[in-house]
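Novice: Chain residues, written in single-letter form:
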Amino acid sequence: MTRTTELLRRDDGVVEVPGDPAVEERIAVREFQGSDAIELLGCAFGAFCLTWLVYERLTPLSGGLGFFVSWYALFLAAVWFVVRDRLGPLEARDRLARVVVASVALGLLIPLGLIVGYTFARGFHALRPQFFVQDQSRVGPLSPATEGGGSAGIVGSLEMVGLATLMSVPLGILTAVFLNEIGGRLARPVRMIVDAMSAIPSIVAGLFIYAAFILALHQRQTGFAAALSLAVLMLPTVTRTAEVVLRLVPGGLREASLALGGTEWSTVRRVVLPTARTGLLTAVILGVARVIGETAPLILTALGNTSLNANPLKGNQDALPLMIYRLIRFPQTASIERAWTGALVLLGIVLVLFIVARLLGGRGPGHIGRIKRYRLARKGLA
Amino acid sequence: MTSSETIDLVEDRALDPVGLGSGLTARQVSAWFGEHKVLDRVTLAMPPNQVTALIGPSGCGKSTFLRILNRMHELVPGATLSGTVAINDIDIYRSGLLVTDVRRRIGMVFQKPNPFPAMSVAENVLSGLKLSRHRSRRHDPADLVERCLRRAGLWNEVKQRLGTPGGALSGGQQQRLCIARALAVQPEILLMDEPCSALDPTSTRRIEETIAELREQVTIVIVTHNMQQAQRVSQYCAFFLAEENAPGRIVEQGPTDKIFSAPDDPRTFDYVSGQFG
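Residue numbers (my numbering), protein chains in the order written: chain A, 1 to 382; chain B, 1001 to 1277.
These are calculated hints, taken from the structure and not from any lab test.
Just so it is clear, the structure is predicted and the values come from calculations on it, not from any experiment.
Heads up, some of the hints might be wrong.
Simulated restraints on C-beta separations [stated by the list, open to error]:
no. : chain 1 : residue 1 : chain 2 : residue 2 : range
1   : B       : His1036   : A       : Pro189    : 21 to 31 angstroms
2   : B       : Ser1197   : A       : Asp94     : 32 to 42 angstroms
3   : B       : Gly1274   : A       : Thr278    : 41 to 51 angstroms
4   : B       : Glu1035   : A       : Tyr374    : 30 to 40 angstroms
Virtual Cβ for every residue (Gly too), placed ideally from N, Cα, C.
Starting from the given sequences, assemble the full structure and let the hints guide the process.
Specialist: Structure representation (structure tokens):
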């Protein structure tokens, strides 16, 4: 300590520290260090041993869940005692809360990992390139799982969700703009209706389109009808998320725009919406995520199809969830395997869509994209 | 200031026939938020090509008065007012002038720098033209951006990074960018609501220099809590005060020199000499 405080002042006024090394030694200011990890592992191991002793040797208890719960409880108790012993009760409580929060977060990953892993394990076997180009029209009861494919479902799903997005996103964002920027006395009932809409069971959305579109207007079951029912389900999700996102745009920006002589609409179009772009994209993603796996409304509106029909306006159309639902009920192993492959492809499509969406517009408002920069540079503005 | 900037300013005036500035007159202006009266019969003339400073303690209605001058007051739900505000003898509330035109002619710079985060520096400057659909055909955009940034004293610092987002600049630069943005729509009057309260002394001085240069072309009304600043930049000064449980009003107004050296009202003297408020 004394060495670092002994500063030498040279004649030219520069302060020198004796023994000044060429490379500064950085202090690692980390809250969670290696010794803490060892401590936690030790607690977990000790708790496991104690639980094992109680379950296997001392008492006639049995059962996996009970074992796990006892282990976890003992683990927490061990953490608390060990940390209190070393750092005091205040730190012990803090560490305990941290361990609980972290383990809950990890615990949530378990079901996700199991779902993805199980789907992968069951569906990977029949995943061949032809799954993306063939349909089920030539598949017989004895064909192996590697024959035929889900192109009808893939095309149908993409078209239905795409159409539903085209319908519900502009509507949802405009509604959010109304709720947030215009408001007034109508805002409350509209918000209530949107909330109520988000609680509609998906089968009811399907029934609604079946009654109000197919029966009343003498239409057939088509991909377009299915897209309508999906749009009904998507709308409240998009609207509410977009509303929350628009509310985050600072009021100062709106005032600045109005003070420059902007109209309300130009303020919304040029300031509010661009600033909220990333959040609005999240709203779209959440909306797509809400409907891409929907099966119930499609049973009534799209009916499903074993052969590829790329026209959403005419004829029955297949969709991946519909295909999975249809195939998984057959007794043949091959059919069930095809259903799992369909589930795997559905997961893959969702993943790809999300990645593409993030790449397209996922940067914050303070980021200026390459295309826009090029356009600005051509005008001599960059 | 470099000599090249001086030349530019001279050219600016030659290019800008609007640059004569307009006078703004407020007569008997009162304001309410709901039932709560915050301003009581304020009468103030803001002559062309002068800097008028509004001073007074917090909560005395200076900012409300300023926002009345370009019709921003009515954006607050439940806000009402009475009296007249006239730009060159045309009442901005009753004469049928479009509210967007009023705000374009009477620009505003806010207390907190608020450049549009989704736009680049250059786009921020041009944003007013796009927002108000008021296109200037005489100049190409790149030229306008340069002129406005020069007038706001920011050009030399940002000319290499016109394409970067407006939010990436420092606080003082952001505020000058907001000034440049307000100037791009060629306002006749510029209102400033404590433009330096969030800035360091260097940026503050830079903005004060900008104000002094702008005075030649634009009429400026500035709200400030800083007595020295009011003394440095303004020619005319109005002291606002709200007595306990009473709406704010102008206690005294006059040439800045007089307000600071020989005020008539003892409350003004107390305030400008730092004895209260």
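Novice: Mind listing which of the numbered hints don't hold for this structure, in increasing order?
Specialist: 4
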